[in-house]
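**Student:** Single-letter residue listing:
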Amino acid sequence: MAPSPHRAGRVVRVEPAGHRGVTIVSDIRLSARPGQFVMLWVPRADEKPFSLVADNPLTLAVVPVGPVTGRLQQLQPGDPLYVRGPLGRGFSLDGQRPLLVAGGSGAAPLAFLASRLAAAGREVTVALGARSAGELLLVERYQAAAARLWITTEDGSAGERGLVVSVAERLLANGGCDRVYACGPVPMLERVAALCREYGVPGEASYEAYMRCGIGVCGSCDRGDGLLVCRDGPVFDL
Amino acid sequence: MAPSPHRAGRVVRVEPAGHRGVTIVSDIRLSARPGQFVMLWVPRADEKPFSLVADNPLTLAVVPVGPVTGRLQQLQPGDPLYVRGPLGRGFSLDGQRPLLVAGGSGAAPLAFLASRLAAAGREVTVALGARSAGELLLVERYQAAAARLWITTEDGSAGERGLVVSVAERLLANGGCDRVYACGPVPMLERVAALCREYGVPGEASYEAYMRCGIGVCGSCDRGDGLLVCRDGPVFDL
Amino acid sequence: MRDVGLSVELCGVRLRTPFVLAAGVLGTTAALLERVARRGAGAVTAKSCSVRPRRGHPNPTVLPWEGGLINAVGLANPGAAAMVAILADTRRRLAPLGVPLIASVFAEEAGGFGEVVRILEEAEPDFYEVNISCPNVAEELGLPFAADPVQAARATAAVRAATRRPVIVKLSPNVADICAVGRAVVDAGADALAAINTLGPGMLIDIRARTPVLANRVGGLSGPAVRPVAVRCVYDLSRAVAVPIIGMGGVTTGEDAVEMIMAGATAVGVGSAFYQRGMGVLEAMAAEIRAFMQEQGFGCVSEMRGLAHGA
Amino acid sequence: MRDVGLSVELCGVRLRTPFVLAAGVLGTTAALLERVARRGAGAVTAKSCSVRPRRGHPNPTVLPWEGGLINAVGLANPGAAAMVAILADTRRRLAPLGVPLIASVFAEEAGGFGEVVRILEEAEPDFYEVNISCPNVAEELGLPFAADPVQAARATAAVRAATRRPVIVKLSPNVADICAVGRAVVDAGADALAAINTLGPGMLIDIRARTPVLANRVGGLSGPAVRPVAVRCVYDLSRAVAVPIIGMGGVTTGEDAVEMIMAGATAVGVGSAFYQRGMGVLEAMAAEIRAFMQEQGFGCVSEMRGLAHGA
Ligand SMILES: Cc1cc2nc3c(=O)[nH]c(=O)nc-3n(C[C@H](O)[C@H](O)[C@H](O)COP(=O)(O)OP(=O)(O)OC[C@H]3O[C@@H](n4cnc5c(N)ncnc54)[C@H](O)[C@@H]3O)c2cc1C
Ligand SMILES: Cc1cc2nc3c(=O)[nH]c(=O)nc-3n(C[C@H](O)[C@H](O)[C@H](O)COP(=O)(O)OP(=O)(O)OC[C@H]3O[C@@H](n4cnc5c(N)ncnc54)[C@H](O)[C@@H]3O)c2cc1C
Ligand SMILES: Cc1cc2nc3c(=O)[nH]c(=O)nc-3n(C[C@H](O)[C@H](O)[C@H](O)COP(=O)(O)O)c2cc1C
Ligand SMILES: Cc1cc2nc3c(=O)[nH]c(=O)nc-3n(C[C@H](O)[C@H](O)[C@H](O)COP(=O)(O)O)c2cc1C
Ligand code: FES
Ligand code: FES
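Heads up: the protein sequence lines correspond to chains U, B, Y and W, in order.
When the first sequence is numbered by our numbering, its final residue is 377 and no position is left out of the sequence of numbers.
When the second sequence is numbered by our numbering, its final residue is 377 and no position is left out of the sequence of numbers.
When the third sequence is numbered by our numbering, its final residue is 354 and no position is left out of the sequence of numbers.
When the fourth sequence is numbered by our numbering, its final residue is 354 and no position is left out of the sequence of numbers.
Simulated from the structure, these hints should not be mistaken for lab results.
Note that beta-carbon positions come from the ideal geometry of N, C-alpha and C, so glycine has one too.
Sample of chain W residues at the chain U side, in silico, Cβ under 10 Å:
| # | residue |
| --- | --- |
| 1 | 68 |
| 2 | 74 |
| 3 | 75 |
| 4 | 90 |
| 5 | 99 |
| 6 | 104 |
| 7 | 113 |
| 8 | 248 |
| 9 | 252 |
| 10 | 253 |
| 11 | 256 |
| 12 | 321 |
Far from chain B by the CB rule (all over 12 Å, computed), these chain Y residues:
| # | residue |
| --- | --- |
| 13 | 191 |
| 14 | 230 |
| 15 | 330 |
Start from the sequences, fold in the hints, and give me the full structure.
**Tutor:** In structure tokens:
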């Protein structure tokens, strides 16, 4: 019986995430699965979807690409924050020897998954990629959670030069992974899906799509096949 | 998310209750405290309060005094029944050696109480009164539940001639009762209240008042002191 | 922690809390009105009354549903002469508590509103509330006065001519443009508005009995389901008129009350919440509103008024 | 047990179930419309479309609240030309399923309704639904056409002149007399009515952000909170006009659907219930309606129609 659908809280800490992004730690306590997201409301401006980097306290990683992300970039400790969620279907925690493949801002939900899986005692392998060193996100969080962390950049400015999918393929070829979790641009996800089929390993991937309601009614987020990214996903089996 | 606030069921059995009343046994399963009531709806006609004689299956005792009770009188097995409830505050079950004082149609809720208390292993004493033998209600139910049953009629046509309150006074004077439960006309309740004070025994009584909503909003059932019979009662401490 | 004050002023009259007992809920007897006043009301409204007694509709007249209540009491009341006694008794009981009394009046045609007020004057209520918005007597009387600015103004003017006490006019949400009605009654002399009366009307059908459940078939909706409509009405009215507004409709918690106040309400009516939360509802809401004000650093209720309209 | 049939006939077109996907809910793409058809819809309605594309309002545009949903999508749509492709693709996908397609049309002025229909004709939808009742664009366009019988009839006549396909006109509950509007559009050529569009509008205020939550400030209410109003509208309309009615507003369970049908609806629209119960909602409701019909000995849906009106 609260007048508003949003939970209100405050920013506790803002850390840089790559050259341009920020990680925002709040005082909002949620209980969520990795891969779920929130609709973040900027009063009098807009409301947009963001994956969780952590649920308790709610932590987001934001890469500036437009008005809302630009404003989130400017947040200071003490500033208010309004979120609706957690929403959507998250990752399973079924991987016993999981391989996480994160490209670009896809790093956010997989960082949450990595720490959840590590906390459950799983040996987590991560392939983390970006265009350049400055776009790598949440490296420390992955370092803390992963048993093995492989970093790639397209320009070679950090880690191996190349695509994160190539690393993933190598790791799958070596065997020892029983489930792949992926998040990143759609072409990357398609390549990961092909690898999963090739190596006979089940995979899950988190997708993005333009969202309005976030709760499966407005029809804005059809993945193209009639599945709703906000409700049937954002995590889908590959 | 059912369209209607009433539970629907059917009449299973109709037994005579006194010369003019009926006991209606239905197939509706409620979970209620003795002293609580239901609003019984007769579609396209009216909705009126009735005490429970039993909750599972829902059983009512009805004395015909007007249109609704007259129609209830005519019910046959298989006829539909619509009730809203249980409503209101019922009796405590605190009496270890309870004395039940029932006058006229006040017999209904105390029959329920008697069987609940007996089921809990309490030794139940009942003083049951009416104007005449034909107005005595639920005698068999009391016989089944009570350790001691005293019957009075004002005209002497059954049991002792006199008022039920006189029997109650005698029983209280003898001692051995630690709580009085009463239901009947207001003058009777007032005399029982006086006895409770005199003998230092706590008492509870069920009141009647004109009801509309049955849920504490319409203000129809003010007992006279700002207490609502439907919600603060119908059972009040004496 | 800073202490927070809950009192508000309505037409120059001080209310200890912003909570006003809504008309038709528990307002039938002096004892009940006193009890609600003791349990945290800033003002209490007696049941709407007409010149002659009305029996109202047969039962069921009030039913709970998942969104709140639906009612078609049909303006049952003992008539103005009997109401004078109830109001006078209530006034005596409320005086030591400092809780003002609102007399609600109703008439079958616009001129009749003046007549009932002239009778009630003897009881000296602190306010009149003009109920032009009851949706439950349409079969008998047609659309409520509140459906038409001209009729609404006429009823208001009749009351205005009959008393010098402050006059509140209660509006219906069941119109395409509530602001037009609000402006019309303010122009006709209303000192304050109350919004909203019940929504709809609505209907519940029992699918096994195959018939509408209310004896009147249709009834007005109240409670949590109507709150967003009530908030919108108060928000819009508070831009359209300059008089204070008693905001009501679904207010169930202290935070709901804050929402109404931020929408622009000066005081907040509470009715159906007595069903959900019982006689302690206003005390609970006072605690909730205080907790919110302390959290947010508000010192008094009026600091919150209209904040949702922005700077 | 007697087998029960769920099919109904709407303007001579057979629907496998009485459930119609309500306009604006999940009706944006051919793939989604097909998916809903496969999951138990008797007919599906595509998102309302106008001649030119509309971006709609900024987010938040749809929010859940305790009574259901509140939305101010603002009629976002890709425009009639793009909609032709979506509708044609949808028709191809639906043909093997035997599920008819309803195209919903909207225009900024009454004449424009004819224009959008003339464009959509190429896609050959099974029905047109004329959305004269969207409450979310009032700031831009003023009161909806459905607020005024004359405007409503004008929009209907424009569509009527543009097509020989069956025309459904969708009404608003936010009027003092919905039957007057219903009669006017039937006189202007409507073959069926849909009732109701969203209620209100309503407003939610976030008391910590101190501002309305929807970017449009106000939005239409739907879901369980509006059901009694919808049932009353359908009940009243079914006495006022002779054409079939698609009853909608808060229908969430099979028993809710029965209530609408007993109020007089021929088919039942379902929108917000996709939020509460997900993609399986229509299948679940079909099972619930069947269980009820078997319990009560009904053999087909039309036996229940209008029963609440009595003999
Ligand atoms: C499930 C999901 C999880 C996401 N998680 C993150 C995250 O953890 N970190 C992060 O930085 N970003 C995330 N995004 C993307 C984020 O929503 C957009 O960056 C943001 O909406 C951009 O808004 P803007 O006003 O800054 O830019 P705009 O100028 O409005 O848009 C820039 C680009 O952002 C995308 N976008 C814009 N609006 C939406 C919308 N309503 N829904 C989806 N995408 C949109 C589009 O690609 C658009 O071209 C996520 C998106 C989804 C769907
Ligand atoms: C808490 C409670 C429990 C009751 N339990 C029983 C019971 O177990 N058995 C039983 O036979 N009766 C019981 N009654 C009384 C019963 O409600 C009335 O007999 C019934 O309402 C009469 O309706 P009618 O149409 O037959 O007669 P009417 O002609 O309508 O009324 C006859 C008399 O019944 C009483 N009455 C009528 N309407 C109401 C009403 N809405 N609320 C309360 N009293 C009313 C009045 O004294 C009235 O004079 C109870 C009443 C209350 C308040
Ligand atoms: C049972 C009941 C009876 C009512 N009777 C009246 C009345 O007599 N006069 C009136 O102006 N409003 C009456 N109302 C409307 C309320 O005063 C109030 O406007 C409405 O219920 C919305 O507030 P709520 O949601 O807090 O109940 C009644 C409401 C209910 C529930
Ligand atoms: C998110 C959303 C968008 C809607 N968009 C439209 C629309 O474009 N055209 C229309 O006629 N009705 C629209 N409606 C109204 C619905 O079609 C329906 O009339 C209303 O929601 C009541 O039904 P419900 O309670 O089952 O949702 C929309 C409703 C919702 C919730
Ligand atoms: S964002 Fe509305 S359905 Fe997914
Ligand atoms: S019967 Fe309505 S308050 Fe008791």
